[in-house]
Amino acid sequence: QGTVMDAAGDGIAGVGLKLCRGLACRNGATDSSGAFAFNDIEVDWHSFEVVPPTDSNFATVLVPLVFAADEVRDIPAVLLDLDAATAMPASPTEVSAGEGLYITLSGADLEPPLFVDPATEVAGVRVPEALRPPIDDIAGTVLDVWYVKPFDHKATNAGLPVRFDNLWDLADASTLEVWVGSYDDSEWLNAGTVTVSGAELTGTALLPLMSTILLVQP
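In terms of our numbering, the sequence shown opens at residue 23 and continues consecutively.
Please keep in mind that the hints were generated in silico from the structure rather than gathered at the bench.
There may be inaccurate statements among the hints.
Claimed, not checked - Have a look at the derived ranges for each label pair, beta carbon to beta carbon:
id	residue 1	residue 2	range
1	D187	V94	38 to 46 Å
2	D77	D187	16 to 24 Å
3	A112	N212	40 to 48 Å
4	G220	T108	20 to 28 Å
5	E143	D206	43 to 51 Å
6	L153	N49	20 to 28 Å
7	S78	T197	19 to 27 Å
Just so it is clear, CB atoms sit at the ideal spot from N, CA and C, and this is done for glycine as well.
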C-alpha cells in the first residue's frame with residue numbers, strides 16, 4: 023500500500039499503477055487522496071511502475087521490489103517534474119538527462135516498447151534524497167537516483183554511454199557502479215562502472231535501457 027504524491031506532499035488522484043512479474047501485470051489506480059493498495063502479493067520480485075498522466079510533465083517512477091511472506095509494506099511514491107527536454111538527436115550526441123547526468127544517444131539507438139511511438143525528446147530529473155523510492159537489495163550506498171525519459175526504451179546497440187558531474191566531491195580514482203531498473207526483468211541491472219576524474223565521473227558504464235538510474239558507491 024502507499025500514496026502517490028507530488029513534490030509538495032499532496033496526494034494525486036487517478037494515477038495509474040502497475041505491479042508486474044514478467045508479462046503478468048496487476049493494474050491499479052490511486053483514489054481521491056492518492057492512496058493505493060495491492061493485496062495477496064506473490065513472494066517474488068516485481069516491477070512497480072507509477073504511470074504519469076499523459077498530459078503532465080511528470081517522470082515515470084519504476085522500481086523493482088521484492089516481497090516476503092506475510093509482509094506489509096507502505097510505499098510512498100513521489101511524481102517529479104522532468105527538467106527541460108532536449109529534442110532527440112539524429113546522430114549519437116551527449117544530452118542532459120537530469121542534473122549531473124549525461125547520456126549519449128540518438129533516435130536510432132533506442133527501441134520503444136510495443137505499441138509506443140518512437141521518442142522525440144530526452145529528459146530526466148535527479149531525485150532528491152528525501153523523495154527517493156525504496157531501493158531493494160542493492161549492496162553499497164546509493165549516492166543518487168534519476169528518472170529518465172523516454173521510459174523503458176531499450177538500447178539497440180551495446181548500450182548508451184553515461185557520464186556524471188562530480189556533485190558529491192568524490193576523491194579522484196574512486197570507482198562507482200551504475201545500475202538501472204529493468205521493467206521486463208523486475209530487477210536492478212548492473213550497467214558497469216564510472217571513475218572519478220576531477221569534476222566528472224566517466225568510464226565503461228553502458229545503459230541497456232532508459233529507466234530509473236542509480237549511482238552506487240560499493
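ask   = Would you say the C-beta atoms of L153 and N49 sit inside 20 to 28 Å of each other?
value = With a Cβ separation near 24 Å, L153 and N49 satisfy 20 to 28 Å, so the hint holds.
query = Does the Cβ distance between E143 and D206 fall inside 43 to 51 Å?
reply = At 23 Å between Cβs, range violated.
message = Assuming the hint says 19 to 27 Å, is it satisfied by the Cβ distance from S78 to T197 or not?
response = violated (37 Å)
request  = Starting from the range 20 to 28 Å, see whether the pair G220 and T108 falls in it by beta-carbon distance.
outcome  = For T108 against G220, whose Cβ atoms are near 25 Å apart, the range 20 to 28 Å holds.
query = If you check the beta carbons of D187 and V94, does the distance land in 38 to 46 Å?
reply = Holds, since D187 and V94 (Cβ atoms, about 39 Å apart) stay within the stated range.
request  = Mind checking the hinted window 40 to 48 Å against the Cβ distance between A112 and N212?
outcome  = 30 Å Cβ-Cβ, so the 40 to 48 Å window is violated.
Outcome of range test on Cβ distance (D77, D187; 16 to 24 Å) = violated (32 Å)
Hint compliance for this structure: hints 2, 3, 5, 7 are not met, and every other hint is.
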